[in-house]
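K.L.:
Below are the chains, spelled out letter by letter.
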Amino acid sequence: MSTPFLHARLDVPGRLHATVTADAGDVVAVVGPNGAGKTTLVRCLAGLLPDSGELTVDGRSWSTPHALPRDRRVGHVVQGRDLFPHLSARENVAFGLRARGVDRRTARARATTELERLGVGALADRRPHQLSGGQAQRVAIARALVTEPRLLLLDEPFTGLDVGVAATLRVELARHLASYDGVVVLVTHDAVDALTLGTRMVVLEDGRVAQTGTPTEVAARPRTDHVARLVGLNLVAAADGAGLLAFRPSAVTLSPTEPSGSARLRWAGQVSQLTPYGDGVRVGVRTSTGQDLIADVTAAAVAELLLQPGTPVWASTKETAVVRYPVDA
Amino acid sequence: MSTPFLHARLDVPGRLHATVTADAGDVVAVVGPNGAGKTTLVRCLAGLLPDSGELTVDGRSWSTPHALPRDRRVGHVVQGRDLFPHLSARENVAFGLRARGVDRRTARARATTELERLGVGALADRRPHQLSGGQAQRVAIARALVTEPRLLLLDEPFTGLDVGVAATLRVELARHLASYDGVVVLVTHDAVDALTLGTRMVVLEDGRVAQTGTPTEVAARPRTDHVARLVGLNLVAAADGAGLLAFRPSAVTLSPTEPSGSARLRWAGQVSQLTPYGDGVRVGVRTSTGQDLIADVTAAAVAELLLQPGTPVWASTKETAVVRYPVDA
Amino acid sequence: DDDTGAGTTDGELSGSITVAAAASLTETFEDLAEQFEAEHDGVEVDLVFDSSGTLADQAAEGAPGDVLATADLRSMERAADAQAEEPVVFATNDLVLVAPADNPAGVTGLDSLDDPDVTYVICVETAPCGGLSAEALADAGVEREPASLEPDVKATLSRVVEDEADAGLVYRTDALAAGDDVQTFDLPERLTTEYPITLLDQSRNTAVAQAFIDFVLSSAGAEVFAAAGFGTP
Amino acid sequence: MTARSPLGRAPALLWVPALVAVVFLVVPLVALVVATPWASFIDDLRTPEVRAALWLSLRTSLATVVACALVGTPLAWVLARVEFRGRGLVRALVTVPLVLPPVVAGVALLAALGRSGLLGAPLRDATGLTLPYTTAAVVLAHTFVALPFYVISVEGALRSAGEAFDEAAAVLGATRWHTFRRVTLPLALPGVVAGGVLAWARSLGEFGATVTFAGNYPGTTQTMPSRIYAVYLDDPAAARTLAMILLLASVGVLLLLRNRWLTPGAAA
Amino acid sequence: MTARSPLGRAPALLWVPALVAVVFLVVPLVALVVATPWASFIDDLRTPEVRAALWLSLRTSLATVVACALVGTPLAWVLARVEFRGRGLVRALVTVPLVLPPVVAGVALLAALGRSGLLGAPLRDATGLTLPYTTAAVVLAHTFVALPFYVISVEGALRSAGEAFDEAAAVLGATRWHTFRRVTLPLALPGVVAGGVLAWARSLGEFGATVTFAGNYPGTTQTMPSRIYAVYLDDPAAARTLAMILLLASVGVLLLLRNRWLTPGAAA
Ligand SMILES: Nc1ncnc2c1ncn2[C@@H]1O[C@H](COP(=O)(O)OP(=O)(O)OP(=O)(O)O)[C@@H](O)[C@H]1O
Ligand SMILES: Nc1ncnc2c1ncn2[C@@H]1O[C@H](COP(=O)(O)OP(=O)(O)OP(=O)(O)O)[C@@H](O)[C@H]1O
Ligand code: MOO
Ligand SMILES: [Mg+2]
Ligand SMILES: [Mg+2]
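Heads up: the protein sequence lines correspond to chains A, B, C, D and E, in order. If you use this note's numbering, the first sequence corresponds to residues 794 to 1122, in order. If you use this note's numbering, the second sequence corresponds to residues 794 to 1122, in order. If you use this note's numbering, the third sequence corresponds to residues 169 to 401, in order. If you use this note's numbering, the fourth sequence corresponds to residues 473 to 740, in order. If you use this note's numbering, the fifth sequence corresponds to residues 473 to 740, in order.
Treat the hints loosely; a few may be bogus.
As the list claims (entries may be wrong) - Example chain E residues on the side facing chain B (calculated, C-beta under 10 Å, incomplete):
1. 480
2. 481
3. 484
4. 488
What the hints assert, rightly or not - Here are the in silico distance ranges between beta carbons for each label pair:
5. C/257 to D/709: 54 to 62 Å
6. E/512 to D/521: 38 to 46 Å
7. E/518 to D/710: 39 to 47 Å
8. A/1116 to B/1082: 41 to 49 Å
9. B/1082 to A/1035: 57 to 65 Å
10. D/517 to C/352: 15 to 23 Å
11. E/724 to A/853: 36 to 44 Å
12. E/558 to B/858: 39 to 47 Å
13. E/634 to B/858: 37 to 45 Å
Rather than coming from a laboratory, the hints here were simulated on the basis of the structure. Cβ atoms here follow ideal geometry from the backbone N, Cα and C, with glycine treated the same way.
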């Protein structure tokens, strides 16, 4: 097997111990709870955090000898703001080109084009403090894209973007993927982003890789609570310890007494929360074994069962609605 | 009619001209494209931006004479980070209590409780720079909640939060709403948040209120492209100029030739983009009249119609799937 | 402050006085103060040294002090308002030419100063020694300009001692104090300055102050001054 | 001079001039150390005059820092945070004493606070007190000379700390004073400490203004620099030993401070 | 003193001490103005010595600022951004010249760069050049005294500007030098300008080190403070007029600068 385009074994004591690989053209969606180490991973790839690991990109080692950030050709959009406050939006975007020796006129022209592509061409002369949060985020993305990086690191890039722009950006990304053979690392808390844009998915938890695979695999067989919640599935350990069970909230039935009949999987518990959801209501149930389940039911059912937080209730689902798989497939 | 709990007529030249009212207990969801003036609105309510308008909260005027931020009893969670970098998470949360004269021990205890409620109790002694983005966001929310404000201003508070925490926070907010009679102003780009948490919705566009109403009303009859996209509807002007038409992407049929039959609404156009979406594919169509439509179709349909960007296509929908309403209802 | 000066008790002197004296009087006045204190039990003499002009101005401003001794009559005049009596000249000093111990430029007298290889310094014209130096150079017909006009005579001497200048014009007492560090050349004409002393208006212990002035003017004083190279008025 | 950092080595264009600067500052110190007659060091340290001068210098320089902190910090805050008409003028006026030669500063202080001065005369008529030639006058002279350094440096720090956190504190219910104490000041602490060090150092070395305004009396107004100057007039070599004593004392204080306040960590 | 702001009025606890500070700094200046014999102002300004001294002061103080900027900015950057062993020591060494009384600074410079000094003697043997009594020596003396002020103030500004933007620039492909010029320096500009003003002012008022190291000769080494001191020895009143000339000249320069560099807008 040939070496992958990106091969990273990253090690930051106490914060991250993870191996990530990707082929040219891959979009690696990194998901995980807050504090899982996603930003840490991205910063290691950019060369901003010292780590003791191995990193190979496009056949070249970036770890021995340690390559400086400026020599890595990465694009980086960070969580939070780091636009240069003393430069206009256009100068911010042109910065990376100028730093790489592109002449002023060309750099400005390309910066303007990139800003226009992201819908903020009219704001090119504003300073960051004169931009709204979402406008600033778009400028930051333009700044990362314009240098045509080999490795594009996006740490929650769609944060604060309005729906229209987020959609545009997805198209932008698709365009980039089609026309170049680098790797995109996309950190996100959004299931749709991870599933629709990612070609691989990496689930981080406590600094370790809890699961990898294609988005479809991961979504179908989540291995952690976090991913299950992310893709909107209930995840429980099988009673016989023989594996994991995943099933949709809509496949959960609530009843006041222990259900008999074909619903073979059942849990006694209490209603923990009620939220309107779509046309119905999403009900959180905490089972007597301490498991959290979600059930999507109709408003009529809520009224009929007199559900409110604290109401004792039985949750059950049919064996046929459940995907069953081993813990370490 | 009695005066509402919150009555704001806000005026910031060139950025905002909007009137917002809310009753005690309301959650006002503010939505709108980037740069619409949402943050500006929130900062005016907090007293951080000078505006020439009128503002009455709970029967008292905050505009004549101008009330200082510290006298307003508002809670404010901002877009971006503003945790005090020199204080630990606990000290950050305790700050507002201490500033209002609560003794040190009580303040620390309440801060700890609040941090625990938000799932970051274990990080109470860390400084902001030692927190991940989402962890910091939770501390910021705890800091705003702990002072039990009359007006809670949340500027994209769920940004960067993992799914589990965002859910917890929704419960937290619900708890707050049940136990006190203030007003929450929630700025969000997330349709689910706006629809499930809001009791009123304010749509801002270019610094003006483009639409208000209950979330259900607004979602059912969006008056701007932005809201339509937000709630996932297509919005077109009726051909006879007599109103607006809204319909779901799943109600749109694509065909290679002009459809005959019951589909009375039809548009010729070109495919602009294709994105995997759930089990199917979301297809963007730009009509020859320059309108953008979205159609959700099956993967099989895409293959059959050989759809790819640029493919000419007819989009149509049945009159029965369409909600029709006047422009200024 | 009332307890500092007790004046006379049964003809016995007691208490402390402050004597402000020109910097060039440092060693001699320290010597005299010690002798004076030894002669009068319970008397203390505090000494303050600075440039004459500064001390005179401070005395005029009312600075605490009992006796003022300056290095020239001009500065003494600046304290005219604070003088309790006519100043009396108690010593004189005259200008000499000095060169570093190894005399690197081979200086032999004022004539050498016209040599372009000789770097020499004198006092600035506004300082007492500066006026005399200008006179000396004019008398000798020296045309080359000095390298620097030092703010006071000690700075001038220091340039020579430190080998930063090949020659300088200073007072005989300074040259003598520098000992082996300098070679000294007498000038063809003696150019002297006079040192006056006076009792100050603000004195709180006039008895001791007057006794100290008398001691300075006594033969014991003259001995100390002569040893340091001063002339007698 | 250089070390590994994730951002790469320091470029020669920066570290070469930095090295030049260090050499330029250090060589004269080394030369001074070499030229010091160390034999007399301990004896000089034992002289009561020297000990009195050193002690006075330490006390007055400390008092100067306290005075600067008490009135200079508020002034820096007002200049950095409050918009008012004439702010530019006040800032210029604060800078002016910087350019006064020290002796002139002393003359100005005499003209203002001397016994026949603008404020000194009424003060004397009212209370019988005169300021010149007292230890208080030394502190006043030092403060006059050091305050502008303090204010300019602290104002810069306050400005760069920014107002965003002030806003957050205000919304949380803090008064401006509470905000100042708990947020603004702690955030600007590195700059405040730097300003304090500048003021302290300026005070410790100040000589011209002190001698002119406060005089040069052992025990009450003769600070180390005045003593050094007095001795220098008489015996330059001896003056060097004294200078070395002042130097070592201040380096001691600095090292003590560095460890507590000025480490990179404290600035984070 | 106070004005409207969204955050409220300045509290008395801050503006009262600020007012005290301003009064304390301004009253001596006013007294100096009052005590100046203005009649002779124009005549004094016409004296060739005074004009030469003023011109020399302006030239040398400007040269000093340039020298500080050229070597001091890199040194401040190294201290703020590069971690290396002995950084604490270097920082302490840089602070030490601050506490030297000016005359001692002059003595130290002589010991190092005088014609029989540590470096001065070899320099003279090799090239025949000596530094004392030259205008270059004036600039060296001023730089020695002013550089620490500059470095400490600029290091503080660089620290508070933070490293986040340096990182962003590095990832965008900028070298450290490019980052320094285009990001770090512009962001720290208010602090750099403040440092420059401090250095310039310190240079303009410096007297002790200059006289001791460079000497005092009209046209080449007699700066305004030296001239003022020389005149003061003989005629304090006349010295005040000269001081006023220096003061007005520097206020003029400051106002010119303020408008171009030091306005609040430029700091944003
Ligand atoms: N300091 C400023 N000076 C001038 N214009 C500004 C300033 N701050 C914001 N603006 C502009 O005011 C408009 C409203 O900005 P605001 O921050 O309120 O938008 P927003 O609705 O919060 O957008 P987002 O969703 O991107 O956060 C924007 O067009 C923005 O560019
Ligand atoms: N400077 C630091 N010192 C110590 N711990 C840190 C530091 N920065 C981050 N951490 C910790 O390292 C862990 C990983 O942080 P990281 O920022 O990588 O999380 P993340 O996955 O990006 O989370 P989020 O989704 O909230 O952004 C967290 O527990 C965080 O608290
Ligand atoms: O020249 Mo000074 O600078 O005497 O303190
Ligand atoms: Mg993160
Ligand atoms: Mg916003």
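K.L.:
Does each hint fit the structure? Answer for all of them.
P.N.:
These are the hints, each one checked on the structure:
1. 480: holds (4 Å)
2. 481: holds (9 Å)
3. 484: violated (16 Å)
4. 488: Violated, because the Cβ-Cβ distance from residue 488 of chain E to chain B comes to roughly 20 Å (cut-off 10 Å).
5. C/257 to D/709: 54 to 62 Å: 32 Å Cβ-Cβ, so the 54 to 62 Å window is violated.
6. E/512 to D/521: 38 to 46 Å: holds (41 Å)
7. E/518 to D/710: 39 to 47 Å: Holds, at about 44 Å.
8. A/1116 to B/1082: 41 to 49 Å: holds (45 Å)
9. B/1082 to A/1035: 57 to 65 Å: For residue 1082 of chain B and residue 1035 of chain A the Cβ distance comes to about 59 Å; the hint holds.
10. D/517 to C/352: 15 to 23 Å: The hint (15 to 23 Å, Cβ to Cβ) is violated, given that residue 517 of chain D and residue 352 of chain C are roughly 34 Å apart.
11. E/724 to A/853: 36 to 44 Å: violated (60 Å)
12. E/558 to B/858: 39 to 47 Å: Roughly 59 Å apart at Cβ, these two residues miss the hinted range, so it is violated.
13. E/634 to B/858: 37 to 45 Å: holds (38 Å)
Checked against the numbered hints given earlier, the structure breaks hints 3, 4, 5, 10, 11, 12 and satisfies all the rest.
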